Structure formats: structure tokens, C-alpha cells
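Please put together the full structure from these sequences, using the hints given.
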Amino acid sequence: MRAIQVQNLSKRYRIYRSPWDKLREATGLGPGKLHREFWALKDISFSLDSGRTLGIIGQNGSGKSTLLQILAGIMLQTGGDCFVSGKVSALLELGSGFNPEFTGRENVFMNGAILGLDTRQMEKRFDDIAAFAEIGNFMDQPVKTYSSGMFMRLAFAVAVNVDPDILLVDEALAVGDLIFQHRCMHRMNHLRDGGKTIVLVTHDLDAVTKFCDQALLLDGGRILENGKPDLVVQKYHALIFERERGRIDFSRSNESPDRSSLFTPADKMPIARSIPNIDHRFGSKEASILGVELLDEQGNPVAEAFTGQIITIRISAQFHCEIDQPILGYTLRNRLGIEISASNTTFAGYPLPPAQKGQICTTDFSIRLPALAVGSYALSPAVAKGSLLQHDMCDWIDNALVFTIRSQDLIYGMLRLDADVRSYISCAEGQNPG
Amino acid sequence: MLAPWVIFSNFLRKIYIQRSLIRNFVVRDLRTRYIGSFMGFFWSVIHPIVLLVSYTFVFSVIFGVRPRPDAGTTSFPLFLFCSILPWLFFQDTLQRSSTIVIENANLVTKTLFPSEILPLSVMLAGVVNHLIGFAILLCILIFTLGKISVFILLIPVYFVLLMLFTLGLSWFVAGLNVFVRDVSQILSVVLTFWFWFTPIFYSTDRFPAGMRFLVHWNPLAQVVAGYRDCLLRMSMPDMGILAILGVASLLVFAGGGIFFRVIKREFVDVL
Numbered sequence: 001m002r003a004i005q006v007q008n009l010s011k012r013y014r015i016y017r018s019p020w021d022k023l024r025e026a027t028g029l030g031p032g033k034l035h036r037e038f039w040a041l042k043d044i045s046f047s048l049d050s051g052r053t054l055g056i057i058g059q060n061g062s063g064k065s066t067l068l069q070i071l072a073g074i075m076l077q078t079g080g081d082c083f084v085s086g087k088v089s090a091l092l093e094l095g096s097g098f099n100p101e102f103t104g105r106e107n108v109f110m111n112g113a114i115l116g117l118d119t120r121q122m123e124k125r126f127d128d129i130a131a132f133a134e135i136g137n138f139m140d141q142p143v144k145t146y147s148s149g150m151f152m153r154l155a156f157a158v159a160v161n162v163d164p165d166i167l168l169v170d171e172a173l174a175v176g177d178l179i180f181q182h183r184c185m186h187r188m189n190h191l192r193d194g195g196k197t198i199v200l201v202t203h204d205l206d207a208v209t210k211f212c213d214q215a216l217l218l219d220g221g222r223i224l225e226n227g228k229p230d231l232v233v234q235k236y237h238a239l240i241f242e243r244e245r246g247r248i249d250f251s252r253s254n255e256s257p258d259r260s261s262l263f264t265p266a267d268k269m270p271i272a273r274s275i276p277n278i279d280h281r282f283g284s285k286e287a288s289i290l291g292v293e294l295l296d297e298q299g300n301p302v303a304e305a306f307t308g309q310i311i312t313i314r315i316s317a318q319f320h321c322e323i324d325q326p327i328l329g330y331t332l333r334n335r336l337g338i339e340i341s342a343s344n345t346t347f348a349g350y351p352l353p354p355a356q357k358g359q360i361c362t363t364d365f366s367i368r369l370p371a372l373a374v375g376s377y378a379l380s381p382a383v384a385k386g387s388l389l390q391h392d393m394c395d396w397i398d399n400a401l402v403f404t405i406r407s408q409d410l411i412y413g414m415l416r417l418d419a420d421v422r423s424y425i426s427c428a429e430g431q432n433p434g
Numbered sequence: 435m436l437a438p439w440v441i442f443s444n445f446l447r448k449i450y451i452q453r454s455l456i457r458n459f460v461v462r463d464l465r466t467r468y469i470g471s472f473m474g475f476f477w478s479v480i481h482p483i484v485l486l487v488s489y490t491f492v493f494s495v496i497f498g499v500r501p502r503p504d505a506g507t508t509s510f511p512l513f514l515f516c517s518i519l520p521w522l523f524f525q526d527t528l529q530r531s532s533t534i535v536i537e538n539a540n541l542v543t544k545t546l547f548p549s550e551i552l553p554l555s556v557m558l559a560g561v562v563n564h565l566i567g568f569a570i571l572l573c574i575l576i577f578t579l580g581k582i583s584v585f586i587l588l589i590p591v592y593f594v595l596l597m598l599f600t601l602g603l604s605w606f607v608a609g610l611n612v613f614v615r616d617v618s619q620i621l622s623v624v625l626t627f628w629f630w631f632t633p634i635f636y637s638t639d640r641f642p643a644g645m646r647f648l649v650h651w652n653p654l655a656q657v658v659a660g661y662r663d664c665l666l667r668m669s670m671p672d673m674g675i676l677a678i679l680g681v682a683s684l685l686v687f688a689g690g691g692i693f694f695r696v697i698k699r700e701f702v703d704v705l
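Protein chains in written order, with my numbering: chain A, 1 to 434; chain B, 435 to 705.
For the record, the hints were derived by calculation from the structure and aren't laboratory data. Please read all numbers here as calculations on a predicted model, not as lab measurements. Please note that a few of the clues may not be correct.
Covered by chain A, according to a simulated footprint, are these stretches of chain B (three or more residues, beta-carbon under 8 Å) [claimed, not checked]: (1) 455–463; (2) 697–703.
Think about it this way: if two alpha-carbon atoms lie no more than 20 Å apart in a straight line, the pair counts; the simulated SDA-like pairs of lysine to any residue are [claimed, not checked]: (3) A/K210 / A/H190; (4) A/K42 / A/Y13; (5) B/K698 / A/M1; (6) B/K698 / B/F442; (7) A/K144 / B/V702; (8) B/K448 / A/G73; (9) A/K124 / A/V162; (10) A/K87 / A/K210; (11) A/K144 / B/K698; (12) B/K698 / A/R14; (13) A/K124 / A/R105; (14) A/K144 / B/E537; (15) B/K698 / A/N99; (16) A/K144 / A/I74; (17) A/K144 / B/T466; (18) A/K42 / B/V702; (19) B/K698 / A/G79; (20) B/K698 / A/D21; (21) B/K698 / A/L23; (22) A/K285 / A/C321; (23) A/K87 / A/D165; (24) A/K210 / A/G194; (25) A/K33 / B/D703; (26) B/K698 / A/S18; (27) B/K448 / A/E25; (28) B/K698 / A/E25; (29) A/K144 / B/R467; (30) A/K285 / A/N300; (31) B/K448 / A/I74; (32) A/K144 / B/R465; (33) A/K144 / B/N538; (34) A/K144 / B/D463; (35) A/K87 / A/M1; (36) B/K698 / A/I74.
Glycine is no exception: its CB is placed at the ideal position from the N, C-alpha and C atoms.
Here's what the structure looks like:
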């Protein structure tokens with residue numbers, strides 16, 4: 001069943017020089033057109049099945065919040081259709097409608113009424129709300145005496161306890177301390193597992209890949225990408241990178257090149273030449289990845305590796321112009337697209353010397369494979385220039401090499417942590433030692 | 435395009451569904467005004483009394499104004515109290531409604547909120563104040579005149595019509611003020627004129643004959659006259675005028691409602 005169906009949705013803002021103009025035009029008393037137009041959303045089409053979770057990402061001003069306001073029914077679209085089936089609870093801003101002079105309890109009931117619940121329904125939920133908010137005796141104090149954390153806990157508690165079919169959340173989780181965020185996320189997971197449809201507008205890309213079934217990348221009011229969260233997030237990274245490239249001014253860092261890299265004639269050095277897969281590729285092309293390989297202890301290419309084994313990630317790149325501070329590196333992701341680890345030459349403490357045009361560089365990262373959960377993993381190699389903090393991507397290939405990790409041991413979760421285990425057991429009741 | 439009365443009846447039905455929320459807002463409105471203040475609710479009584487005492491001093495003591503013999507009372511304060519009560523309700527509601535949507539911009543833009551209930555709850559909070567004032571007036575009447583007339587039964591009719599008229603205008607200024615913030619300032623000016631051109635301190639027949647139309651077409655003047663007829667003169671008000679007042683109030687009520695219903699769709703874009 002479709003929870004949300006959006007078809008060619010557009011939203012135009014009219015920008016007026018003065019409010020009088022707006023009124024004159026609205027009442028038809030003015031001389032025709034008195035405004036400039038701004039399209040906040042243009043030709044948006046997507047659908048979301050009921051029970052699924054959608055993440056909407058994009059830069060500021062890309063139209064995310066406008067889209068959410070339209071989905072919530074707060075704002076009217078200019079064109080197109082928007083069908084939302086089910087009871088909607090919109091959490092566009094924590095605590096909108098809270099009055100600082102009133103007590104927490106009064107505000108809870110007031111907010112419930114705004115969200116469409118009468119006093120009796122709120123009374124049933126009150127204990128849950130109080131338990132989630134954990135503000136104790138402050139419940140009967142005016143809200144103005146609350147810390148911001150208490151305020152947010154209470155506001156969030158009300159919003160998630162009105163029991164919606166569809167929950168729309170805008171950035172609400174970006175505020176608050178870590179414990180609060182953790183708790184919110186837990187609650188959202190709970191709602192999701194309970195079959196609620198959730199739409200989340202956020203800048204937290206991790207949350208999108210971990211939490212959402214589907215993601216939407218908006219840019220300038222249009223959909224740039226719609227699909228699996230990891231792909232959409234990658235596309236977003238690429239977009240940001242493209243935007244930032246023209247802006248960043250590179251300051252030379254003081255890192256001096258280490259002698260750990262060896263100059264070798266090109267015909268004598270190992271060069272990785274295969275790129276098995278390209279999900280997405282971006283960069284300035286001042287240098288390009290030639291290949292990436294996974295090697296075992298004997299230097300043979302492998303497609304699977306065992307936990308505990310020493311493996312080598314070999315990345316080769318060619319520089320197409322002079323680069324003062326080249327960096328070669330990789331990112332390791334699991335099959336869900338979650339970053340397990342990332343490293344590069346500078347980060348690992350072996351910065352590369354300045355590169356000349358046409359030079360080729362191969363870097364071997366040898367590691368003992370930790371006890372990661374079995375399954376498939378992907379390596380994304382990259383070559384960049386600059387420092388750790390400020391670098392400019394020359395070439396990045398998403399998920400260039402996919403390989404499988406196997407293990408002799410059982411592994412629960414993402415990885416196994418070996419522990420020394422010692423237990424203390426008390427005597428059974430009635431048996432005193434000695 | 436739906437007919438206006440269909441739009442309006444749907445509009446009213448939606449408001450009815452929201453009654454629980456409206457109750458919350460009325461309580462909030464009343465409490466916000468007096469919360470944290472030591473005297474609390476008594477301020478709603480003290481303010482009119484201060485007005486009454488000051489006006490009485492100026493008009494009765496300084497200028498020596500006396501109510502006309504046919505006014506039903508010789509006491510100027512009583513005459514004034516009876517006249518100013520409906521006006522204060524009208525003025526307070528209108529003035530507070532004009533900015534109420536902007537004050538609650540957060541609710542309008544961030545929640546699915548029926549903004550039409552904002553002027554409505556301001557008006558209902560005013561009703562509570564009015565009832566308190568009216569109860570006091572009634573006590574004074576019984577105490578000084580020793581009797582009340584059967585025509586007091588017509589007061590609710592006048593008051594309900596005044597409520598409809600006030601609410602219609604409130605919706606109108608509340609909606610307009612979202613777009614043009616000067617509206618609440620303009621309103622203050624208009625209300626000042628309106629106040630002095632309404633026979634509150636004086637009886638209707640003191641009005642210059644050439645300008646009498648200002649009274650005839652002033653619903654507030656008719657309501658004030660009605661209050662005096664029923665409470666002080668204890669005579670039957672003019673039923674023809676009451677009927678016209680009724681039609682006018684309903685028209686303003688419906689017109690303001692439809693105007694707000696149409697214009698509120700643009701609120702989010704502007705706020």
C-alpha cells in the first residue's frame with residue numbers, strides 16, 4: 001500500500017517588493033503581476049510504501065523543508081499532486097506551541113490538542129510521555145525553568161506519543177545531547193519496526209544509511225537521485241565535493257614528506273591495473289586511480305579473506321599534473337554501506353612526496369584483518385591532494401573492489417572483540433562458606 | 435468552485451470538531467493574561483473600574499454631564515458602565531485578534547494548525563470577561579434600582595449578535611494583518627474614532643441630526659442602545675433595528691469567515 005504518492009509536485013514562492021503588492025495582487029486590485037517567482041520545488045515525483053522509511057537529504061535551500069511542509073498539509077503546492085494516506089504527525093520543530101509560562105503538564109496537554117488528541121486521549125498517554133521525557137518533578141514547573149535538554153525531551157516525547165501512521169521529522173534530532181539523540185533514534189527504530197511510515201529530513205547522512213529504506217536527494221528544488229540510501233548518500237558526497245572544489249583555498253601544511261616511499265623505475269614497480277566495479281566516480285582528474293587489488297601474504301590477488309589473515313590493499317594512481325601533497329587512500333564499507341574503516345597515506349603516517357606530472361604511485365596497505373562479521377565488503381580507493389583536514393579529491397571510485405570476509409569463529413554484530421572473561425558467582429542461599 | 439455558504443458551513447463544522455483545542459486555547463488565553471500576576475484574574479475587573487472612575491470624574495464631575503431624564507437612571511457611572519461594557523468586549527477582541535496569527539506564527543508554519551480558532555478563542559476569552567463585567571453590572575442594578583426588567587432576556591440576543599459581528603471583523607483583521615502589518619496600527623486609529631462616534635458617553639439623540647446616519651449604520655451604536663433599553667430604560671427595543679442588526683452581524687460573520695478561510699492558505703508562505 002502506498003502511504004505517500006507525489007506526482008509532478010511544484011511549489012512556487014512569489015516574492016513581493018512589499019506586502020501591499022501581495023495584497024493588491026491577491027485581491028485582484030493591482031495592475032497584474034507584481035512579483036518575482038522562485039521555484040522551491042519543481043517537478044517532484046516519488047512514492048513511499050506504507051511502513052517504509054524515507055530520508056530526504058540535500059543542501060540548505062534545496063527544498064527539503066518545503067517538501068515536508070507540503071506532505072504535512074501545512075502548505076499548499078502550486079502544481080502537481082500529493083496524496084498522503086493515514087494520520088500524519090509532523091515534527092517540524094521541537095516544541096512549537098509550547099508556552100514557557102505554563103507547566104510541563106499543561107504544555108503536554110496543549111500540544112496534544114494541537115496534534116489532534118483530546119484531553120481523555122492524552123491522559124492515557126501521559127504516563128508514557130512522562131516516562132520518556134524523564135523530567136521528574138519538573139513536570140509541574142513552568143517550562144521556562146527547564147534546561148534546553150529537558151525541554152526537547154518533553155517536546156519529542158509528546159510528538160512521538162501521539163501515535164501517527166506517518167511521522168514527518170525535520171532535523172529535530174540534530175539538536176540535543178548524545179544521550180537524547182540516541183534515545184530518539186531508539187524510539188524512531190521502535191516506531192519503524194512497529195510498521196509506521198517515517199519521512200526524515202536530515203543532514204545526518206549516517207542516520208540516512210542506517211535508518212532509512214529509501215532516500216531522496218534534492219538540489220535546487222529538483223530530485224537528483226532517488227533510491228537506495230547508500231547510493232544516494234554517495235551521490236550527495238559527490239555533489240558537495242563538486243561544489244566545494246571551486247571554493248577551498250589550499251594552505252600548505254607543514255607536514256614534511258617522509259622517506260618511506262621509494263622511487264622506482266616504472267617497469268620494475270608493481271602496479272595494480274584492474275578496477276572491477278565502478279558504482280560512482282568523481283574528482284578533479286588531476287590524478288586518476290589505475291587500479292585496486294586485494295592480495296594475500298604471497299602477493300596473489302584474492303576475492304576473499306579470512307579474519308586474522310594479513311592482507312594487502314594495493315592502490316595505484318597516476319598523476320596528470322604536479323601535485324605537492326598527494327594522498328592515496330581507501331574506505332572500507334560493509335554491505336549496508338556503513339563505513340567500517342578508512343585510511344590514507346597521510347593518516348597512516350606515511351605521507352607521499354610531491355608528485356610530478358606523469359608519475360605513477362602504488363601504495364600497499366598491509367593489515368591484519370580484524371574479526372569482522374562475515375559477508376561482503378567493498379573498497380573505495382581514492383587519490384587526493386592537500387592535507388588531512390583540507391584536501392581536494394582528484395579521483396574517487398565508489399566500491400571499486402568487492403570481496404568476501406570469512407571466519408572460522410562465530411561473530412555477532414559488526415565485529416568480534418576478544419575478551420578475557422572472568423565471572424564471580426555468589427554462594428547459594430543458606431550456604432555460608434566455612 | 436463551491437458556493438460560499440458551502441465553504442462557510444464546512445468551515446464552521448471544522449471549527450466545531452476542534453472544540454477541545456479551542457477550550458485549551460481559551461484557557462491559555464485567559465491564563466496568559468493573568469498568569470504570574472499577583473492579583474490574577476481581578477485585573478479583568480480592575481481595569482474597567484478604573485476606566486469607569488476616570489471617565490465619570492471627567493464627564494460627570496468636571497463637565498457636569500447628566501443622563502437624560504428618559505435614560506432610566508440619573509447615575510452617570512451606571513449609564514456609562516452599561517454602555518461601555520459591550521464596547522470593551524468589541525474593542526479588546528478586535529485589537530488582540532489583529533496580531534494573534536503573527537504571535538502564533540510558529541504554530542501556523544510548523545504544525546497542522548487551524549488558525550481560524552485563534553481569533554475565535556480570543557473572542558471567547560473576551561466573553562468570559564464580559565460575563566464577569568455583566569454580573570457586576572447586574573448586582574449594581576439590583577442594588578440601586580431594586581428591580582430588573584423582563585427585557586433583560588433580550589440581552590443574550592444582542593450579545594450573541596455582537597459576538598458574531600466581532601468575530602467576523604476579527605477574522606478579517608487577523609487575516610489581513612498577516613500580509614500588511616500596519617493593519618493593527620490602522621485598527622487602533624479606526625477604533626479610537628469608532629469609540630467616540632458611538633453614543634457611549636451620551637445618548638443617541640445628542641448626535642447632530644445631519645450625522646445621525648453614522649449611528650444608524652453603526653452596529654455598535656445599536657448594541658449599546660439595546661443594552662440601555664433593556665437594562666436602564668426597561669423599554670422594548672426597536673425590533674426592526676434588531677432584525678437589521680441581526681442580518682448585518684450574520685453577513686459580517688460569514689464574510690469574515692470566508693475571507694479568512696480563503697486567505698489562510700497563503701499564511702505559511704508569508705509568515
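Structure-based check of each hint:
1. 455–463: Since 3 is at least three, the answer is holds.
2. 697–703: holds (count 5)
3. A/K210 / A/H190: holds (14 Å)
4. A/K42 / A/Y13: holds (11 Å)
5. B/K698 / A/M1: violated (32 Å)
6. B/K698 / B/F442: Holds, at about 14 Å.
7. A/K144 / B/V702: violated (27 Å)
8. B/K448 / A/G73: holds (15 Å)
9. A/K124 / A/V162: Since the Cα atoms of A/K124 and A/V162 sit roughly 11 Å apart, the hinted pair holds (cutoff 20 Å).
10. A/K87 / A/K210: Status violated; Cα separation ~25 Å.
11. A/K144 / B/K698: Measuring from Cα to Cα gives roughly 31 Å; hence the hint is violated.
12. B/K698 / A/R14: holds (16 Å)
13. A/K124 / A/R105: Since the Cα atoms of A/K124 and A/R105 sit roughly 13 Å apart, the hinted pair holds (cutoff 20 Å).
14. A/K144 / B/E537: Cα-Cα ~18 Å, so holds.
15. B/K698 / A/N99: The hint is violated at about 23 Å.
16. A/K144 / A/I74: violated (28 Å)
17. A/K144 / B/T466: This hinted pair holds, its Cα atoms lying about 14 Å apart.
18. A/K42 / B/V702: holds (19 Å)
19. B/K698 / A/G79: With a Cα-Cα distance of about 18 Å, the restraint between B/K698 and A/G79 holds, given a limit of 20 Å.
20. B/K698 / A/D21: Distance of about 17 Å is within 20 Å: holds.
21. B/K698 / A/L23: holds (13 Å)
22. A/K285 / A/C321: Answer holds: A/K285 to A/C321 is near 9 Å, not above 20 Å.
23. A/K87 / A/D165: holds (5 Å)
24. A/K210 / A/G194: OK: A/K210 and A/G194 at ~17 Å, within 20 Å.
25. A/K33 / B/D703: Holds - the C-alpha atoms of B/D703 and A/K33 are around 17 Å apart, at most 20 Å.
26. B/K698 / A/S18: Distance of about 19 Å is within 20 Å: holds.
27. B/K448 / A/E25: violated (28 Å)
28. B/K698 / A/E25: holds (15 Å)
29. A/K144 / B/R467: holds (17 Å)
30. A/K285 / A/N300: Distance ~29 Å between A/K285 and A/N300 Cα, so the pair is violated.
31. B/K448 / A/I74: Measuring from Cα to Cα gives roughly 16 Å; hence the hint holds.
32. A/K144 / B/R465: Status holds; Cα separation ~16 Å.
33. A/K144 / B/N538: Answer holds: A/K144 to B/N538 is near 18 Å, not above 20 Å.
34. A/K144 / B/D463: holds (18 Å)
35. A/K87 / A/M1: Distance ~15 Å between A/K87 and A/M1 Cα, so the pair holds.
36. B/K698 / A/I74: holds (11 Å)
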